[in-house]
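2 protein chains.
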Amino acid sequence: MPQLRQNIITLDWVIIATERAKRPDQFGRTVKVEEIIPEFDSSCPFCPGNESTSSVEKYRFEKNGKWSLRTVTNKFPALIEDGDLNSVTSGIFNSMNAIGAHDVVIEHPRHNGTLTDFTHEETVSILNAYLRSYKELKKNKLIQSIVIFRNHGKSAGTSLIHPHSQIVATPIVPNQIKERIASAKKYYSKNHECVFCRNLNDETKSGERIICETSHFTAFIPYAALSPFHIWIFPKRHASSFHEITTDEISDLAFNLKTVLAKLKNGLNNPDYNFTIRSAPTQEKSGKFFHWYLALVPRISVAAGFEMGSGMYVSPAIPEESARYLREIDI
Amino acid sequence: MPQLRQNIITLDWVIIATERAKRPDQFGRTVKVEEIIPEFDSSCPFCPGNESTSSVEKYRFEKNGKWSLRTVTNKFPALIEDGDLNSVTSGIFNSMNAIGAHDVVIEHPRHNGTLTDFTHEETVSILNAYLRSYKELKKNKLIQSIVIFRNHGKSAGTSLIHPHSQIVATPIVPNQIKERIASAKKYYSKNHECVFCRNLNDETKSGERIICETSHFTAFIPYAALSPFHIWIFPKRHASSFHEITTDEISDLAFNLKTVLAKLKNGLNNPDYNFTIRSAPTQEKSGKFFHWYLALVPRISVAAGFEMGSGMYVSPAIPEESARYLREIDI
Chain A
1 MPQLRQNIIT LDWVIIATER AKRPDQFGRT VKVEEIIPEF DSSCPFCPGN
51 ESTSSVEKYR FEKNGKWSLR TVTNKFPALI EDGDLNSVTS GIFNSMNAIG
101 AHDVVIEHPR HNGTLTDFTH EETVSILNAY LRSYKELKKN KLIQSIVIFR
151 NHGKSAGTSL IHPHSQIVAT PIVPNQIKER IASAKKYYSK NHECVFCRNL
201 NDETKSGERI ICETSHFTAF IPYAALSPFH IWIFPKRHAS SFHEITTDEI
251 SDLAFNLKTV LAKLKNGLNN PDYNFTIRSA PTQEKSGKFF HWYLALVPRI
301 SVAAGFEMGS GMYVSPAIPE ESARYLREID I
Chain B
332 MPQLRQNIIT LDWVIIATER AKRPDQFGRT VKVEEIIPEF DSSCPFCPGN
382 ESTSSVEKYR FEKNGKWSLR TVTNKFPALI EDGDLNSVTS GIFNSMNAIG
432 AHDVVIEHPR HNGTLTDFTH EETVSILNAY LRSYKELKKN KLIQSIVIFR
482 NHGKSAGTSL IHPHSQIVAT PIVPNQIKER IASAKKYYSK NHECVFCRNL
532 NDETKSGERI ICETSHFTAF IPYAALSPFH IWIFPKRHAS SFHEITTDEI
582 SDLAFNLKTV LAKLKNGLNN PDYNFTIRSA PTQEKSGKFF HWYLALVPRI
632 SVAAGFEMGS GMYVSPAIPE ESARYLREID I
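So the sequence lines, in the order shown, correspond to chains A and B.
Counted the way our numbering counts, the first sequence spans residues 1 to 331.
Counted the way our numbering counts, the second sequence spans residues 332 to 662.
Just chain A, with the same shape it has in the complex (with noise of 0.2 angstroms):
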């Protein structure tokens, strides 16, 4: 019997479909895929030499005197840093120049890898120079909105190899967000408690749908997860947005973060993926109520019509039996 689960965060609804659900195992990809991909492109913006080519350098990290990674500006950014908003509503027509930030974290000098290869080290120094991107971001008190993500594979929307992920910065809170935030509100005034603490203490309670439990973070699937192998990284300790993570949970984030990936590479066969970090908008006080977190979506399913029209999804992977299979994948 197909199942309606209710996502109480997002409150969206998902039809676990088991009429058409498969095996965990069968959700990898069928075709092994052996891209063979140089260390080196010389006509890669990212790559070492062509540092002229991929447009402003905003800092980058250093070692044994080369560059390890670097931060830049957008080359063709969705957002621009320097401008007036020019607020102009005619009608019902609404607009503004898009003033925000768009910046690129070039993770590696290394053409071909993703992080799955790199080192504890330097999946901390990505993580550290979103952390570096997001505070100096805040402080333009035009943006209202910061959200950090990577596109991992064709499918996944990246239209470059070469390891990379983006933070962008919006002058507006996105509807989507607004709506999230009144969600978790309304649940603190009802419950006095954060509803995703809550949702954590639950899911940890339970247990059936944990991936990766680590000293700060929790991987999960949620409960009502949108589609198959849709992945929370939770931290454990309440905090609204991503900027207030200590030097300990960036070292331990990277490491529950690496181990959920490789799950997810050995599992089903190196798939598709995005991930993003959500937090509070910037400038607002939301500090009980919103907790920050990483959400993972590997690009094993296809959102057609129905979830079109409706906002809603139907998945055919059932999250206790998916959880099951990733925690006992060896990495």
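Hints in this document: simulated from the structure, not taken from any laboratory.
You can trust all of the hints, since none of them are fake.
Simulated restraints, written as ranges between beta carbons of each label pair:
| # | chain 1 | residue 1 | chain 2 | residue 2 | range |
| --- | --- | --- | --- | --- | --- |
| 1 | B | C528 | A | G113 | 53 to 61 angstroms |
| 2 | A | C197 | B | K517 | 26 to 34 angstroms |
| 3 | A | G91 | B | E388 | 44 to 52 angstroms |
| 4 | A | G113 | B | E350 | 24 to 32 angstroms |
| 5 | B | Q357 | A | K185 | 37 to 45 angstroms |
| 6 | B | R354 | A | T73 | 23 to 31 angstroms |
| 7 | B | E659 | A | K63 | 50 to 58 angstroms |
Residues from chain A shown here face chain B by an in silico Cβ test under 8 angstroms; the list is partial:
| # | residue |
| --- | --- |
| 8 | L4 |
| 9 | I8 |
| 10 | W13 |
| 11 | F76 |
| 12 | I80 |
| 13 | F93 |
| 14 | N97 |
| 15 | F149 |
| 16 | R150 |
| 17 | N151 |
| 18 | I172 |
| 19 | I177 |
| 20 | N274 |
| 21 | F275 |
| 22 | V297 |
| 23 | G305 |
The structure displayed is predicted, hence computed values, not measured ones.
The beta-carbon is built from N, C-alpha and C at its ideal position, and this holds for glycine as well.
Since the structure of chain A is provided, determine the placement of chain B on it from the hints.
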């Protein structure tokens, strides 16, 4: 300068990314798709002769003693028609049985056709099949929402090639529809008019984003279209639900939709697409402030980490340019 635009109906903001914008003719498939699909496939459950393999038939239209269209229940339904909801709340975990319906309209006996190949009369009978399912399902008091949709092509989520559409009825109002209703209600309270009617009037007055206007319908690219060539087809007459459509309007919609699809096919080299028909919840009174419509989304861009983490979209297409391009495409 990239621009932020807000969609007055969904309240979503989109970034019109002028720095990475493409010319309208650059959005089509780059490779001409010349799949040779036979008129008949003996292994297809929807082809004539295999009627017994395609689950329960709800009704059929006949012509010259043979079926010309059949509506059946989905063999692997996301929701099933018989049973009790058995709604369970256990702490933060809400679930219920997925009781509802999942109909499939087998649009044509031919295995290889699609809407742009069908005659006007055939297209009318497809819309009539939607209407028949909608009216039938609406009688069930458990059902709260009905979504009609069509997935065209692999990247749009089609699993079977044989031309078909689907109708899904759910026992809850999806969260996204709830939010749209709430925002339409708010607009109505404040402005004493339907926000959709207002939108249509303003789009018609401006004319810049109109693709095809017929007696009863207007197809346009919304001012804040979330993705390239995202199209809305609005009925001119205010009505909150698809089932209120008249015979004349069905015929006019068939013509309008076929025209728009032919323009997409010729102008963008036969892109995959989804379309969906959105109506007000079935058991609620939302007559004055909600307006049904058809949304058509060609799959020519990939939503990535930013879209996932914010619910906002970055579109590399300028709606006015895209609409002008489609207006001028011959069919």
